[in-house]
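Chain residues, written in single-letter form:
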Amino acid sequence: AQTVTQSQPEMSVQEAETVTLSCTYDTSESDYYLFWYKQPPSRQMILVIRQEAYKQQNATENRFSVNFQKAAKSFSLKISDSQLGDAAMYFCAYRSASGANSKLTFGKGITLSVRP
Amino acid sequence: DTEVTQTPKHLVMGMTNKKSLKCEQHMGHRAMYWYKQKAKKPPELMFVYSYEKLSINESVPSRFSPECPNSSLLNLHLHALQPEDSALYLCASSHYRGIAETQYFGPGTRLLVL
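Sequence lines, in order, name chains D and U.
Heads up: the first sequence at position 88 corresponds to 88 in the working numbering, and the numbers run straight through without jumps.
Heads up: the second sequence at position 27 corresponds to 27 in the working numbering, and the numbers run straight through without jumps.
By construction, these hints were calculated from the structure, which means they are not laboratory data.
Among the clues, some could well be false.
To be verified - Calculated cross-link-like contacts (lysine-lysine; reagent style DSS-like; alpha-carbon spacing at most 25 Å):
#1 K22/U / K9/U
#2 K108/D / K38/U
#3 K9/U / K40/U
#4 K78/D / K40/U
#5 K18/U / K53/U
#6 K70/D / K108/D
#7 K78/D / K18/U
#8 K18/U / K103/D
#9 K73/D / K103/D
#10 K40/U / K70/D
#11 K53/U / K41/U
#12 K103/D / K70/D
#13 K38/U / K103/D
#14 K53/U / K40/U
#15 K55/D / K70/D
#16 K73/D / K41/U
#17 K18/U / K108/D
#18 K38/U / K22/U
#19 K70/D / K38/U
#20 K38/U / K9/U
#21 K41/U / K108/D
#22 K103/D / K40/U
As the list claims (entries may be wrong) - Output of the computed footprint for chain U on chain D, the stretches with three or more beta carbons under 8 Å from beta carbons of chain U:
#23 22-31
#24 42-52
For glycine and all other residues, C-beta sits at the position ideal for the given N, C-alpha and C.
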């Protein structure tokens, strides 16, 4: 079974600074997807970024980028130029590419606070 | 448009009540999901519908009854719930297979069982 580990329950960053959120996973599969979801307090969970395991190039979405290390099974999220609106709970998630009904496996999440 | 809508936003019910949660998407997704989420925890999968058929039931108690009347709608019928069922109930949808299997979440229904 796949597992996703987010070992840091909380992090804090100064506005305009850069922060990196860590995520590791364990799988025996070679083809899969990885995701970072953001869930602000009492608000909707939204997709931040996704990475296909077969792609060597790290995904980037504006201020958000990932450092995908397949051999190390590591998938960290870097947030540049942090903004107050980035404060949220962030979940790392894994999904197998085999089987249409493959489930999302979530990490425990990390709460990010942004200091003005 | 990546919108999944859920109604109601908030629901308070007694343990003898019957209520329903509703989820709707118009993205042409053929997989729809119900999750339960407790505060500060990740979502827990409850049910998956693929092409309007129940494909995964994560051993959810029978007091939760899902229904998928068409490809755009997903309901969760609630009956005789317990206080520990109080949580945020999230609906999500995705394409059935392929690279577009990203799940898109609705805003959730916050349920309180008294």
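Hints and how they fare:
Taking the CA atoms of K22/U and K9/U, the gap is about 10 Å. The hint holds against a cut of 25 Å. For the proposed pair K108/D and K38/U, the alpha carbon gap of about 12 Å is at most 25 Å, so the pair holds. Note on K9/U and K40/U: the hinted pairing holds, with a Cα-Cα distance of about 19 Å set against a maximum of 25 Å. About 21 Å separates the Cα atoms of K78/D and K40/U, which keeps this hinted pair within 25 Å; it holds.
Between K18/U and K53/U the CA atoms are separated by roughly 23 Å; this keeps the pair inside 25 Å, and the hint holds. For the given pair, K70/D sits about 21 Å from K108/D by alpha-carbon distance, which is consistent with the 25 Å threshold. Taken as a hint, the K78/D and K18/U pair is broken in the structure, with Cα atoms around 45 Å apart against an allowance of 25 Å. At roughly 29 Å between alpha-carbon atoms, K18/U and K103/D are farther apart than 25 Å, so this suggested pair is violated.
Proximity of K73/D to K103/D is assessed by CA-CA distance (about 18 Å); at most 25 Å being required, the pair is judged to hold. For the hint pairing K40/U with K70/D, the CA-to-CA distance comes to about 28 Å; that exceeds 25 Å, so the pair is violated. For the given pair, K53/U sits about 28 Å from K41/U by alpha-carbon distance, which is inconsistent with the 25 Å threshold. A threshold of 25 Å between alpha carbons decides the hint, and for K103/D with K70/D the separation of about 20 Å falls inside it, so the pair holds.
A C-alpha spacing of about 19 Å is found between K38/U and K103/D, which places the hinted pair at or below 25 Å, so the restraint holds. At most 25 Å may separate the alpha-carbon atoms for a hinted pair to count; K53/U and K40/U exceed this at roughly 31 Å. At most 25 Å may separate the alpha-carbon atoms for a hinted pair to count; K55/D and K70/D meet this at roughly 10 Å. Taking the CA atoms of K73/D and K41/U, the gap is about 23 Å. The hint holds against a cut of 25 Å.
The hinted pair formed by K18/U and K108/D fails the criterion: a straight-line CA distance of about 32 Å is larger than 25 Å. Note on K38/U and K22/U: the hinted pairing holds, with a Cα-Cα distance of about 19 Å set against a maximum of 25 Å. For the hint linking K70/D to K38/U, the alpha-carbon distance of about 31 Å lies beyond 25 Å, and the restraint is violated. In summary, the hint linking K38/U to K9/U is supported, as the alpha carbons are separated by about 16 Å, within the 25 Å threshold.
Distance restraint check for K41/U and K108/D: the Cα-Cα separation of roughly 6 Å lies within the 25 Å cut-off, and the hinted pair is therefore satisfied. Distance hint between K103/D and K40/U is fulfilled; the C-alpha atoms sit about 20 Å from each other, no more than 25 Å. Proximity of the segment 22-31 of chain D to chain U, defined as three or more residues with a beta carbon under 8 Å from a beta carbon of that chain, is not established by the 0 residues found. Against chain U, the segment 42-52 of chain D contributes 7 residues with a C-beta closer than 8 Å to a partner C-beta. That satisfies the three-residue criterion, and the hint holds.
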